[in-house]
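Chains as they are written, first to last, in this note's numbering: chain A, 2 to 81; chain B, 64 to 724.
Derived from the structure by calculation, the hints contain no laboratory data. Take the hints with a grain of salt, since some may be wrong.
The calculated lysine-lysine pairs, modelled on DSS-like cross-linking and capped at a C-alpha distance of 25 Å, are [to be verified]:
| # | chain 1 | residue 1 | chain 2 | residue 2 |
| --- | --- | --- | --- | --- |
| 1 | B | Lys592 | B | Lys497 |
| 2 | A | Lys50 | B | Lys288 |
| 3 | B | Lys531 | B | Lys327 |
| 4 | B | Lys98 | B | Lys155 |
| 5 | B | Lys392 | B | Lys288 |
| 6 | B | Lys296 | B | Lys460 |
| 7 | B | Lys296 | A | Lys50 |
| 8 | B | Lys392 | A | Lys50 |
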Amino acid sequence: MPKSSEKMTLTELPIGIDARVVAVNGESRVTRRLLEMGVIPGVSIQKIKMAPFGDPVEIRVRGYSLAMRRTESDAIEVSI
Amino acid sequence: MNDHGKNSQLTIALAGNPNAGKTTLFNSLTGLKQKVANYPGVTVERKEGPWTLDGKTVNLIDLPGLYSLDATSLDEQIASDIIRGDQEGVPKPDAIIAVVDATNLERNLYLVTQMFEFGVPVVVALTMIDVFEKQGHEIDIEMLSAQLKTPVIAVNAKSGRGTQELADKVAGVIGTTPEIPYEYRQEDPNSGPHGKIFARYNFIANVVQESVWHSDHQSHRVTDKIDRVLTHKFFGLLILVAILLLVFQTIFSWASLPMDLLEKGFGAVGDFVKAEMPPGMLTDLLVDGIIAGVGGVVVFLPQILLLFLFISLLEDSGYMARAAFLLDKLMSRVGLHGKAFLPLISSFACAIPGIMATRTIESRRDRFATIMIAPFMSCSARLPVYTLMIGAFFGGKYVLGFVSVGALLMLIMYSIGIIVAIIVAAILKRTVLKAPPPPFLMELPPYRLPNLRTVLQNMITRAWLFLKRAGTVILAISIILWALMYFPRSSQEPVASSQIIEIAGNEQPSTKTIQLPESEQLKYSYAGKLGHAIEPVIRPLGFDWKIGVALIASFAAREVLVSTLSIIYNVGKEENEESETLISAVRDAKTDDGKPAWTPLTALTLMVFFVLAMQCMSTIAVVRRETNSWSWPLFMTAYMTALAYIAALITYQGGKALGFE
Chain A
2 MPKSSEKMTL TELPIGIDAR VVAVNGESRV TRRLLEMGVI PGVSIQKIKM
52 APFGDPVEIR VRGYSLAMRR TESDAIEVSI
Chain B
64 MNDHGKNSQL TIALAGNPNA GKTTLFNSLT GLKQKVANYP GVTVERKEGP
114 WTLDGKTVNL IDLPGLYSLD ATSLDEQIAS DIIRGDQEGV PKPDAIIAVV
164 DATNLERNLY LVTQMFEFGV PVVVALTMID VFEKQGHEID IEMLSAQLKT
214 PVIAVNAKSG RGTQELADKV AGVIGTTPEI PYEYRQEDPN SGPHGKIFAR
264 YNFIANVVQE SVWHSDHQSH RVTDKIDRVL THKFFGLLIL VAILLLVFQT
314 IFSWASLPMD LLEKGFGAVG DFVKAEMPPG MLTDLLVDGI IAGVGGVVVF
364 LPQILLLFLF ISLLEDSGYM ARAAFLLDKL MSRVGLHGKA FLPLISSFAC
414 AIPGIMATRT IESRRDRFAT IMIAPFMSCS ARLPVYTLMI GAFFGGKYVL
464 GFVSVGALLM LIMYSIGIIV AIIVAAILKR TVLKAPPPPF LMELPPYRLP
514 NLRTVLQNMI TRAWLFLKRA GTVILAISII LWALMYFPRS SQEPVASSQI
564 IEIAGNEQPS TKTIQLPESE QLKYSYAGKL GHAIEPVIRP LGFDWKIGVA
614 LIASFAAREV LVSTLSIIYN VGKEENEESE TLISAVRDAK TDDGKPAWTP
664 LTALTLMVFF VLAMQCMSTI AVVRRETNSW SWPLFMTAYM TALAYIAALI
714 TYQGGKALGF E
């Protein structure tokens, strides 16, 4: 695709920008759970807001809101 | 065979994601006839009730809410074991009702795709469809059903819409084998370890595309608007504090009237029994042991009901998840989960519901760390003790002219508990309960108006569980305590009977049945002896043997200290913590060598001890049940009481060194 796609982790994704999940890294149970909650490559994802102390973050995926900590959002690669 | 009828009864499981409306549907299908118990050996709640299907009564089991059958929590483990037929005491279900939230279709359907693989027929109950349609979306239920190759029925638990059809469909699928509607080939080399998850979601994407028409309307608009305020960086926290204050203020003020009534009621029953029954051991056991003991615990029922009313309201409205979201960073510094805040806050009312509320925390280590520190929160049972001590020694005093010493001391006691809890949690999470930071994935469900019936049902369930415990564990402890303070009777004790004569003075020596004043009787009872035995240990804290007796008794329940002191100082049973006579009796009490038994410093020391010590049999019993082991409750009792002793020792000796009395 000729479109300039910027890759970053979900942690780095600015708030309110539409992005697409590229990969969910890791082989742990958390990785699996993230995938089962619908955060799989190709799905569109948005960061809604950060909690008062910068962590956790609220993201929106498949029409619902999910809160996760930095450890989880670090493992999710997205592209704008 | 007698139980043949029971064995042939069909079992239907109700399963679905959390917040999908499962509990509401369960309540509407079974009504008030549901039973709540625990699965053997674990703390997951087992809810079941009768449901009429095709003229026959079947057993409907409400499974814990779950996102996936590939378990990550105890709740999910139990749910998947039941569906597999691996759960002890639960027959393999004959059919599953999958509760699916129409407003969150994709993720809800994920669980349904997993269910197909267990070979149990599935009927989908589609909830929240009115909300979904109000948002302007459309859903083709027939198409959805055709795609999933399983019946789909739109239900509304409130209006009863679809429940009859649901029953018909469930009756129809029993005995059939579900078809797995999507294809997945294990040997696909590109699939990787998570290929199955991708295959399920690909299938779901197709299903949704075929059967749902989305409007441009953003379904989460209202929730987002509310969240702009409620999870705001600054106002969100402010509102959270305000809500908590309101909840606790209400619990204390609303509960006080029914608590007074209950207390008076039990008192009246005790008086009645005492008046109507012949005096003797049985009457004493009934009045002083059973009625007073159980009554002393049942008075907390209004508080428990109110606490669970608020917990249900906060949880069902969706606010609870926001509170955990706001506080997670703070909690994680100590090594706890954001969800731990609620159990800890609840513990200010009573550690028992607080500890029961830790069930929402998935990680076992996080959950245990929360349980271990919950009793440090100053619960309502400590209030009578604080009130008595403050009333007797610090009442009507002010610092800086306007700050009441009593209020200040109260604040200090609550703070000590919180600070020690934070330190202990940090230590536990770095040692015994050491674990990598737990995964934190928490759904923030859309705000919804709580369902009144679900809320009431939850309150009734909690109240019943609490009363059941009062009727068993606490009853047994009350009897034991009463016996320790009652036996041996003075006339059975040679030393004591010689003293009777001395005390009784000119009474006839032959009168073997002379009743000693209760306070004297206590001295020679087993409890009195125990008090004397522990005196060397508690002397450094400034306590004499009489306080020792009250201390021992208070290990059953903290507030027992007050009633025991009133027995010891012989001020009669009618007195409660606000009684002038008990307050003055405490002020005037003398040790055996004639010095005042209490000083302001002793009172302060006692309060510090009560903040930290594990003095609650019911809590120990609950921790035993929740951790499924004896070592955790014993560890808890030991370390808390050791901490309490050290802190009390520092308070008393330090106070003395500084010249206070």
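Tested hints:
{"no.": "1", "hint": "B:Lys592 to B:Lys497", "in the structure": "violated (43 Å)"}
{"no.": "2", "hint": "A:Lys50 to B:Lys288", "in the structure": "holds (13 Å)"}
{"no.": "3", "hint": "B:Lys531 to B:Lys327", "in the structure": "holds (21 Å)"}
{"no.": "4", "hint": "B:Lys98 to B:Lys155", "in the structure": "holds (19 Å)"}
{"no.": "5", "hint": "B:Lys392 to B:Lys288", "in the structure": "holds (23 Å)"}
{"no.": "6", "hint": "B:Lys296 to B:Lys460", "in the structure": "violated (40 Å)"}
{"no.": "7", "hint": "B:Lys296 to A:Lys50", "in the structure": "holds (10 Å)"}
{"no.": "8", "hint": "B:Lys392 to A:Lys50", "in the structure": "holds (14 Å)"}
In summary, the numbered hints that this structure violates are 1 and 6.
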